[in-house]
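S.K.: Residues per chain are reported as follows:
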Amino acid sequence: MSLNYTAVGWNKQKKQYVKILWLGILAFLIVFAALQFLLHPNISVETLIIRWSAITAFILLHIILVIGPLCRLNDRYLPLLYNRRHLGVSMFLIAAIHGVFGTIQFHALGDVNPIVSIFTSNQNYLEISNFPFQILGFCALIIFFLMAISSHDFWLKNLSPKFWKAMHMLVYVAYGLIILHVATGALQYETHLIYWIILIAGFLLVASLHIVSGIKERGNLRKTYQLQEEGFYEVCSLSDLEENCGKSVFINAENIAIFKYNGKVSAVNNICKHQMGPIGEGKIIDDCITCPWHGYQYMPENGQSPPPFKEELSTYNVRLLKDKIWVNPSPLPEGTLVKAAKIDI
Amino acid sequence: MEQIIQIAIYLDLGYLILGIVFSIFFYRKGIEKVDEVTIGSTRGFKLIVFPGVVVFWPFLLYKWMKT
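Quick mapping for you: the protein sequence lines, in order, are chains A and B. Going by my numbering, the first residue of the first sequence is number 6, and it counts up by one from there. Going by my numbering, the first residue of the second sequence is number -12, and it counts up by one from there.
Some clues are possibly wrong.
[Claimed, not checked] Label pairs and their computed distance ranges (CB to CB):
(1) I11/B - D80/A: 51 to 57 Å
(2) D80/A - R15/B: 44 to 50 Å
(3) F150/A - V8/B: 31 to 37 Å
(4) N129/A - E19/B: 51 to 57 Å
(5) K50/B - P46/A: 56 to 62 Å
(6) P338/A - I7/B: 39 to 45 Å
(7) K170/A - R15/B: 28 to 34 Å
(8) V42/B - E247/A: 43 to 49 Å
(9) K24/A - V8/B: 55 to 61 Å
(10) L131/A - D(-1)/B: 26 to 32 Å
(11) N257/A - I7/B: 30 to 36 Å
(12) D(-1)/B - K228/A: 46 to 52 Å
(13) I348/A - I7/B: 39 to 45 Å
FYI, nobody ran anything at the bench for these hints, they're computed from the structure. C-beta atoms are modelled at their ideal positions from N, C-alpha and C, and glycine is treated no differently.
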């Protein structure tokens, strides 16, 4: 949501986020290097970098994957989601360091092209202990690369939000590849049980948070509403909505966000035009509905972004009968002005 | 196997070289037609989307042809 594009839409919060992130990464490098030199005095710098980058990227990938479900479960994690793009690109850069150093160390010393060597030097696909795990890591790195280079609003708009989202959902394929890459690679040499416990615990954490947040979301979607008259459905009481806050409802396959503000109630489509964020979980800020994911704004009565921005949402007719909110789930064309239902005091 | 991988690498390289050639024309004439928000955008922006232009060039070419 900008007048024109910049390389990075820096603000104070983002700068602080990236500063903390990279200070953490560097601090981990120092502690890890000290421990490695202490435990393995003969370790080479290349091996140290390969190990550090592997562990750092692995931890960051887990953090990235749990941010989404954590935000569905609790609003307080939303600042992490707002800046997840920086986390993702940082993770890719560190994973790329791992890939480059690993390729140089294990595949660049022969007379075969290093990339060809990754795919052909080991073809024991039926042996777990000697599986060509580097191919799995290579494929995951390609996915991370595609995600990193398309992590800009220009790509979200020009590849279309649907395609962009689908491509970025490949992170789960990449995660599966990384789990197998670690299980068939490093854990075949580092056989201590603690490494397996960490790998499985990380996977269970990611999986369980996704399941729990999915169950919560499904409960919201499954709720059925009784049709009353003229196509309007009773969705909730006024008291169910906090002032300047929203509520998501799902009626006749329409995903709708209802907001109460300034003595009025309005309804717009619940899917943000930016990254398909849940508008209904946002708030009214500066008289505009504000998406909780990245702060995209829309005016509640017409679903239009405030000028000069051009994003538009569908709007819906809303009625108030006593203290009950009624919504007609037939969407009006994006940006259509719908008079808000006024709350009688 | 080795030959197949080698051919795949050459095909990928060819695709990326086409992407680089495309980017020259795209930055000169196409980018502002494809997305008017890029008018007046910074050099940093153009640099940061460059790897994407080289990789996703068929999408951009399709959009450019449609304008």
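S.K.: For every hint, state whether the structure bears it out.
M.R.: Going down the list of hints, with the structure as the test:
no., hint, result
1, I11/B - D80/A: 51 to 57 Å, "46 Å, violated"
2, D80/A - R15/B: 44 to 50 Å, "46 Å, holds"
3, F150/A - V8/B: 31 to 37 Å, "21 Å, violated"
4, N129/A - E19/B: 51 to 57 Å, "53 Å, holds"
5, K50/B - P46/A: 56 to 62 Å, "57 Å, holds"
6, P338/A - I7/B: 39 to 45 Å, "42 Å, holds"
7, K170/A - R15/B: 28 to 34 Å, "31 Å, holds"
8, V42/B - E247/A: 43 to 49 Å, "45 Å, holds"
9, K24/A - V8/B: 55 to 61 Å, "39 Å, violated"
10, L131/A - D(-1)/B: 26 to 32 Å, "28 Å, holds"
11, N257/A - I7/B: 30 to 36 Å, "49 Å, violated"
12, D(-1)/B - K228/A: 46 to 52 Å, "49 Å, holds"
13, I348/A - I7/B: 39 to 45 Å, "59 Å, violated"
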